[in-house]
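Novice: Taking the hints into account, I'd like the entire structure generated from these sequences.
Sequential numbering of the sequence shown, starting at 1, is according to the numbering used here.
The reader is advised that the hints may include incorrect statements.
[What the hints assert, rightly or not] With a straight-line Cα cutoff of 27 Å, these simulated DSS-like cross-link-like pairs (lysine-lysine) come out:
(1) K110 <-> K25
(2) K88 <-> K39
(3) K25 <-> K53
(4) K74 <-> K39
(5) K39 <-> K106
(6) K81 <-> K109
(7) K88 <-> K74
(8) K123 <-> K88
(9) K81 <-> K106
(10) K110 <-> K123
(11) K39 <-> K61
(12) K61 <-> K88
(13) K88 <-> K110
(14) K74 <-> K61
(15) K81 <-> K53
(16) K39 <-> K53
(17) K123 <-> K74
(18) K10 <-> K80
(19) K88 <-> K53
(20) K81 <-> K123
(21) K39 <-> K10
(22) K95 <-> K110
(23) K39 <-> K123
(24) K81 <-> K39
(25) K109 <-> K95
(26) K95 <-> K53
(27) K106 <-> K123
(28) K25 <-> K109
(29) K95 <-> K61
(30) K110 <-> K81
(31) K61 <-> K10
(32) K80 <-> K53
(33) K80 <-> K95
(34) K109 <-> K10
(35) K88 <-> K10
(36) K81 <-> K10
(37) K39 <-> K80
(38) K53 <-> K110
(39) K53 <-> K123
(40) K109 <-> K88
By construction, these hints were calculated from the structure, which means they are not laboratory data.
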Amino acid sequence: MCTTEQFKIKRGSEITESYFQFLDKHIDDVVSGRVDEFKEINQIASELFVSHKHLTDTIQKEMGRHPCHFYDSKIIEAAKKMLSETDKSISEIAKILTYDPSNFSKFFKKFTGQTPGQFRNLKK
Numbered sequence: 001m002c003t004t005e006q007f008k009i010k011r012g013s014e015i016t017e018s019y020f021q022f023l024d025k026h027i028d029d030v031v032s033g034r035v036d037e038f039k040e041i042n043q044i045a046s047e048l049f050v051s052h053k054h055l056t057d058t059i060q061k062e063m064g065r066h067p068c069h070f071y072d073s074k075i076i077e078a079a080k081k082m083l084s085e086t087d088k089s090i091s092e093i094a095k096i097l098t099y100d101p102s103n104f105s106k107f108f109k110k111f112t113g114q115t116p117g118q119f120r121n122l123k124k
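Specialist: Here it is, written out as structure tokens:
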């Protein structure tokens, strides 16, 4: 028989896994143009049938960081991939990722320590 604690642990893992699967698909949808903008965490929580607080608390407990950290990290991964594998301009990549180009550069540098241009030049 499952105890309440075992259920909570299993459910926490399920929510975390669902969150990361959702992020991967959602970011791919934005990059490919199937979706026009990124969803907010509360919208993602709703699509996963949990409250915003429950999603945030669960990811924080399971992974040690706020869900936004992982969301931003996955956006950065997508940006790095486009910078490395395409000839799209940094401005185009920013727009694909729904950022104003100057805000995108600041966001990218905050996470990586380098501008998108510096990253691209080092990958050549």
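Novice: State for each hint whether it applies.
Specialist: Hint check results:
no.	hint	in the structure
1	K110 <-> K25	24 Å, holds
2	K88 <-> K39	24 Å, holds
3	K25 <-> K53	22 Å, holds
4	K74 <-> K39	14 Å, holds
5	K39 <-> K106	20 Å, holds
6	K81 <-> K109	15 Å, holds
7	K88 <-> K74	19 Å, holds
8	K123 <-> K88	14 Å, holds
9	K81 <-> K106	18 Å, holds
10	K110 <-> K123	19 Å, holds
11	K39 <-> K61	22 Å, holds
12	K61 <-> K88	38 Å, violated
13	K88 <-> K110	21 Å, holds
14	K74 <-> K61	19 Å, holds
15	K81 <-> K53	31 Å, violated
16	K39 <-> K53	16 Å, holds
17	K123 <-> K74	19 Å, holds
18	K10 <-> K80	33 Å, violated
19	K88 <-> K53	38 Å, violated
20	K81 <-> K123	11 Å, holds
21	K39 <-> K10	26 Å, holds
22	K95 <-> K110	18 Å, holds
23	K39 <-> K123	30 Å, violated
24	K81 <-> K39	21 Å, holds
25	K109 <-> K95	17 Å, holds
26	K95 <-> K53	30 Å, violated
27	K106 <-> K123	19 Å, holds
28	K25 <-> K109	24 Å, holds
29	K95 <-> K61	33 Å, violated
30	K110 <-> K81	17 Å, holds
31	K61 <-> K10	13 Å, holds
32	K80 <-> K53	30 Å, violated
33	K80 <-> K95	14 Å, holds
34	K109 <-> K10	36 Å, violated
35	K88 <-> K10	42 Å, violated
36	K81 <-> K10	33 Å, violated
37	K39 <-> K80	20 Å, holds
38	K53 <-> K110	26 Å, holds
39	K53 <-> K123	39 Å, violated
40	K109 <-> K88	18 Å, holds
This entry does not satisfy hints 12, 15, 18, 19, 23, 26, 29, 32, 34, 35, 36, 39, going by the numbered hints stated previously.
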